[in-house]
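Novice: Residue-level listing of the chains:
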Amino acid sequence: MTDLLYSADDQDLRDAVRGSLARVLDHDRVAALYDDPGADVSAAWRAVASDLGLAALLVPEHLGGAGATAREAAVVAEELGRAVAPVPFLTSSVVATTVLVHAAQAGSQEAADALGGLADGTSTAALVLPWTARAGTRTTYDGGPVRPVAGAVGADLLLVPRADGLHLVPAADAEVTPLTSLDMSRPVATVEVGGEGVLLADSEQAAVYVDAGLVAGAALLASEQLGVAQWCLETTVAYVGTRVQFARPIGSFQAVKHRLADLYLEVVQAQAAARWAAAALAEGDPDLPVAVATAQSWCSEVALHAAEEAVQLHGGIGMTWEHPVHLYLKRAKADQLALGTPAAHRSDLGVLVDLVP
Amino acid sequence: MTDLLYSADDQDLRDAVRGSLARVLDHDRVAALYDDPGADVSAAWRAVASDLGLAALLVPEHLGGAGATAREAAVVAEELGRAVAPVPFLTSSVVATTVLVHAAQAGSQEAADALGGLADGTSTAALVLPWTARAGTRTTYDGGPVRPVAGAVGADLLLVPRADGLHLVPAADAEVTPLTSLDMSRPVATVEVGGEGVLLADSEQAAVYVDAGLVAGAALLASEQLGVAQWCLETTVAYVGTRVQFARPIGSFQAVKHRLADLYLEVVQAQAAARWAAAALAEGDPDLPVAVATAQSWCSEVALHAAEEAVQLHGGIGMTWEHPVHLYLKRAKADQLALGTPAAHRSDLGVLVDLVP
Amino acid sequence: MTDLTEAVRRLLAEHPPGGSDPTAFLGARFDAGLAWVHFPVGLGGLAAPRDAQTEVDRLLAEAGAPGPDPANAIGLGMAAPTLVAHGSPEQQQRYLRRLFTGEEIWCQLFSEPGAGSDLAAVATRAVLDGDTWSVTGQKVWTSGAHNARRAILLARTDVDVPKHAGLTYFVVDMTDPGVDVRPLRQITGEAEFNEVFLTDVRVPDTDRVAAVGHGWRVATETLNNERVAIGAGADREAGQIGLVARRWREDPSVRSAAQHDTLMRWWVESEVTRMAGERLRQQLAVGAPGPESSAMKLAFARQAQGITNLMMELAPDEALEHDTWELVRPRSGSFLGRGPGYRYLRAKGNSIEGGTSEVMRNVVAERVLGLPADHRPDKGVPFKDVPR
Amino acid sequence: MTDLTEAVRRLLAEHPPGGSDPTAFLGARFDAGLAWVHFPVGLGGLAAPRDAQTEVDRLLAEAGAPGPDPANAIGLGMAAPTLVAHGSPEQQQRYLRRLFTGEEIWCQLFSEPGAGSDLAAVATRAVLDGDTWSVTGQKVWTSGAHNARRAILLARTDVDVPKHAGLTYFVVDMTDPGVDVRPLRQITGEAEFNEVFLTDVRVPDTDRVAAVGHGWRVATETLNNERVAIGAGADREAGQIGLVARRWREDPSVRSAAQHDTLMRWWVESEVTRMAGERLRQQLAVGAPGPESSAMKLAFARQAQGITNLMMELAPDEALEHDTWELVRPRSGSFLGRGPGYRYLRAKGNSIEGGTSEVMRNVVAERVLGLPADHRPDKGVPFKDVPR
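Protein chains in written order, with this note's numbering: chain V, 89 to 445; chain C, 89 to 445; chain B, 8 to 395; chain F, 8 to 395.
Treat the hints with caution; some may be incorrect.
[Claimed, not checked] Stretch-level coverage of chain V by chain B, calculated; a stretch enters the list once three of its residues show a Cβ under 8 angstroms from a Cβ in chain B:
id : region
1  : 207-215
2  : 394-401
3  : 427-439
[Said to hold, decoys possible] DEER-style ranges, computed between Cβ atoms:
id : chain 1 : residue 1 : chain 2 : residue 2 : range
4  : C       : Val439    : F       : Arg338    : 49 to 55 angstroms
5  : F       : Gly294    : B       : Ala241    : 41 to 47 angstroms
6  : F       : Asp138    : B       : Pro389    : 24 to 30 angstroms
7  : F       : Glu257    : V       : Gln193    : 39 to 45 angstroms
8  : F       : Pro190    : B       : Ala241    : 51 to 57 angstroms
9  : F       : Glu257    : C       : Val439    : 48 to 54 angstroms
10 : V       : Val444    : B       : Ser260    : 20 to 26 angstroms
For the record, the hints were derived by calculation from the structure and aren't laboratory data.
By construction, the Cβ of each residue, glycine as well, lies at the ideal position given by its N, Cα and C atoms.
Only chain V is shown next, with the shape it has when bound in the complex:
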């Protein structure tokens, strides 16, 4: 059985990401994005990508990257979820990077060149598909505006899976119109691609690479969701331990306790599922599609449940803009819909494990 624990290095990595984010980001900065989508949060991405070099994690060493595995990327995703960080790690450093690594390893010099910039954090890339896409659904960009695309706002490069193959297009050759988004910490946009860019792969390869990118994204999204869920659970446990009503901390009421115990169990399961998906991705395990569909089905629901319970158990304060829990609710809901809804993943899973309707 694959190792589902964290290594000592994983813990160091976690501490580094958490400490670094704490210095440059707080909830007020994230909340400000809802009123001013252009608010400057670039320090967070600089800290993650340039200072810690985490944008390079999934880029092999011979392509100028850190040659780490999905296990480490998953730890980063957890911490980014926990901080509801407005950075393009998942869209650029996981999804787009995975697509480009495949192209580069098949010999595309343009892909390799693009990865250099992605790895050192000087540029970011986005895959031009609706953010709800999932592997195996074979969507292509057929011209015209496509929405909602995540990671496109502020991206330098766009990966465009057209009918004839995968194109790498400079963002300058496309029109990217930011949309008011449910989750403004990962804003979506309408993208209309004008230029042809360069062809990285033919249509058959493109489908494989894009699916690989979507699978990697879905696998590590589970870890982001775990981070969201853990923040919500821990914050709520702390709150109910101190909030007094009826002359008792509300966390001493059994109904509150039991709900949090149930949520704890869900999070324990989510952690196992997320680690399994990350390990399967890292190891190229043939069980990867099952692990991803399972983890996405579970972790999507758990993150949302955790955020919903956090709002409810914070009572009135949880309904206010001033408390950060709403940032997590919006992220959790957007994450649930991202890269395939839980129901869609369960439907995929039915095929994978030979349980069809």
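Fit chains C, B and F to the given chain V structure using the hints.
Specialist: Leaving out everything else, chains C, B and F in the frame of chain V:
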């Protein structure tokens, strides 16, 4: 909007049924049926059918019945559910009677004759279809053994919907083999019909009459389920109010309270749903199929949930044979499967209200 | 019913809705006793059965008559019945008509930062100074305070008795200079509610409702009225389920085989809740509102949250977008308006506002089912000695 | 691992499973330190890492070696680790080997009619008389008592201290004339459990485990061991989900489009629970069992109940029948055997036996999450003064 309340007469009827059953039936007698399916519980049916004349409720006066409506029959069904009474009211006095009334009103003298015996409680009848059948599924008896048929054990007459029409067959001309049943208070059997009996209706009419019988059964099963749920809720509320653990009545623990509050709400909704179905049946409301599918979907789940919560909140004692709650769990589970599962009714409902997959 | 129908006909004849100023029409309706038919004659009613109102409302709506201002829901649903039950004749005369016509919008100064679920822990003090009370404290979750001319207030008049016993109920003039209303932004981005800071607000003793120390009982009745209002009957598919159902019928792209059973479960639950509400309404027609209505509020919140969630899952691309995060101050809350994301977020409040679902479950368990009380360390303890 | 593999090889060579009497083989296995490899040398172990056992068990199973008697689950999973941790050297020598070989089956005398969830409220009295204890009381839910030669017992030795402090842990000889075992019939019809009436049962002080008054701490460890045992790893689809999944694959008649998503939800939940169990096992390999395992027990019960319920709905005709209601006394419980109705009913016990799900949630909330304790009126109160 139709009247969803109980009339003063309904209350009198309820008191009469409850009082009468209390005199002739107790939980030990019902439990005894699990060890000895032949144990004599005929006093219960005598009380209901002969003494109170309730087998005649749904038989029109001109056919020798009481000419009551489904509203009154629903009150009886509630009380029978509450007592988990081993009587063929639902199978004979509702389902079979409804089928026969349709045939008799279309002119069948044999049906009218049969109703006479049913109404005065001297005989009972059963519809020879699996007890999971529901309206619109057009099942017929095509020879050979059919199982599990409810109400057939001890029945005098069998209603057999063959391909060529509806036949009335004396039980003596069929082989009825009792099965060990999940719910021994409504045992099911394998039935193999030998004789042809008399033809009551051609195949087209038969389908209409049988569907009417199944609809009436499903409508009033909801009231039986309501009675089951109410007994479970009330018994559990009483138990947790007195059972002391940790030096407190366990009903003072908030998690227990909240679960019972949620269950109460479900029962309130079940009561409204059951009354609606009964009223719609009584009034021949065109909304009847919607009311029945809705009530069956809801009340089936509520009765089961109530029984399951009753077992759990009784703790160890709820798992013992000596406490009657298991009789209700078995009835609730069997009732959930009877006359269409909740999922099947929701599927029907999708068609009825134009919400198809 | 014939008398009422006749009264409606006469009102419409004397004040044709098309030609009347809405305020004038509503005033005439009040005077005709058709505002709340079950209220006493002279106070907007005709001492008729409570459930006759439905028919009156229907007839007036059919005739195109203007209805009362939805922004005054607190006034109409809570303040008015409280004033009728507990107000002095002078208060009733002074407030009810202008409340009904909408000339005076009302809000409710109950909840506080430290008194949410535990509403009886209200700490806002009211101190009698001659024949005038001085009120100081902080209230929160006050919907419509920015539009309101008057408020119902729950304040502490005695800290030496246990919490429930030291509360008194008042009517407050929101134009008092000691009243400071600040918008309270919600997770939807809008500010439907307010924080209200009260600093030496002057309330004449004639604006006290019921006796000193009776505030809790009066407020509880007020809240029960709110809960009944929330649980009122409606047409099939009138709520959130209708939005999803219509979309499902009209737009094949949102139909999901995997979610069909879930959709139907919510349809069933919505419908049985509607029937339970109707049954409650039929019972209320012959009795008084009781704590059973707390259970209906639970159902309403559960469904609103579950169904708005489902809607987003059925149209995920659409749900990743949002209409606006702008801080607006709506005149009244909307559960069914705007986009799916707004409805999803707004529905989260349904299990908090007007009594959390947790408190509602306690109420059902203890008051309806009669389960034994949980441990209350503040029971019988003077308010000033209770840890907060 | 090589040493262990070698030890297994040697055991199999010296005692070829085919040619050995199972008891003799298990005795040799014990002597080889392969019973519980993490136990000390001489007590059935080799002081090896706990997780090495899995590989040993696998190798032995592959070689067709007989395993310990499943009817002795209490002895193997609870009594043995407790004796190793807290028993005297003499107790360890006397009991462990015959426990492992199955020559002596063990049962657990913990729960009482008045001490279920509140296990520390045990009222069975043990009074010291010279060097022998006299034990009198009533125990319940004792699985396997009718097969058992010995029992672990929790009894009250002091009523003048609070409940947790007055308990002591003993080993009881079930052949003592004061022991009366009566079958306790369950809702499944069978009697897997018993009531055990103890009347002046004589227990030598040498059969006391740990100090007088330390019983609660020892019993809690025992229960944690039980919960870990319940949460042990398994293959994909090993539990209830496997029965439904195989049926779904093989029998088109049970496939329901409406229930497909529900089936997949349970598949996912079963699989993430398996992974969580595996992760816990990996953690335990380097640490001690903690209260986290309580959460796994919750998951196990939830799934067993939900999935057995689904199975009945998928095959309703079949589910209306039942195999038998006969009162049988099985040697050990079976969650996966017999028909769907049996499994459904038996699963109801999963959230009660070995600690109710309610108690497990309390444990998780207070011991894992650190939430404040609920009100405990008996806290610090001498047992004799606690209302019961």
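Novice: Within 41 to 47 angstroms or not, the Cβ separation of F/Gly294 and B/Ala241?
Specialist: violated (57 angstroms)
Novice: Does the Cβ-Cβ separation between C/Val439 and F/Arg338 fall within 49 to 55 angstroms?
Specialist: Hint holds: Cβ distance 51 angstroms, inside 49 to 55 angstroms.
Novice: If you count the residues of the region 427-439 of chain V with a beta-carbon closer than 8 angstroms to a beta-carbon of chain B, do you get 3 or more?
Specialist: holds (count 6)
Novice: Taking the beta carbons of F/Glu257 and C/Val439, is their distance inside 48 to 54 angstroms?
Specialist: At 30 angstroms between Cβs, range violated.
Novice: Given that the region 207-215 of chain V was listed as covered by chain B, double-check it with a C-beta distance under 8 angstroms for 3 or more residues.
Specialist: Result for this restraint: violated, n = 0.
Novice: Given a hinted range of 51 to 57 angstroms, is it respected by the beta-carbon distance of F/Pro190 and B/Ala241?
Specialist: About 56 angstroms separates the Cβ atoms of F/Pro190 and B/Ala241, which means 51 to 57 angstroms holds.
Novice: Within 24 to 30 angstroms or not, the Cβ separation of F/Asp138 and B/Pro389?
Specialist: This hint is violated: roughly 57 angstroms between Cβ atoms.
Novice: Between F/Glu257 and V/Gln193, is the Cβ distance one that fits in 39 to 45 angstroms?
Specialist: holds (42 angstroms)
Novice: When I compare C-beta atoms, does the region 394-401 of chain V have three or more residues closer than 8 angstroms to chain B?
Specialist: holds (count 3)
Novice: Indicate whether the distance between the beta carbons of V/Val444 and B/Ser260 respects the range 20 to 26 angstroms.
Specialist: With a Cβ separation near 23 angstroms, V/Val444 and B/Ser260 satisfy 20 to 26 angstroms, so the hint holds.
Figure legend: structure checked against the earlier numbered hints; hints not met, in rising order: 1, 5, 6, 9.
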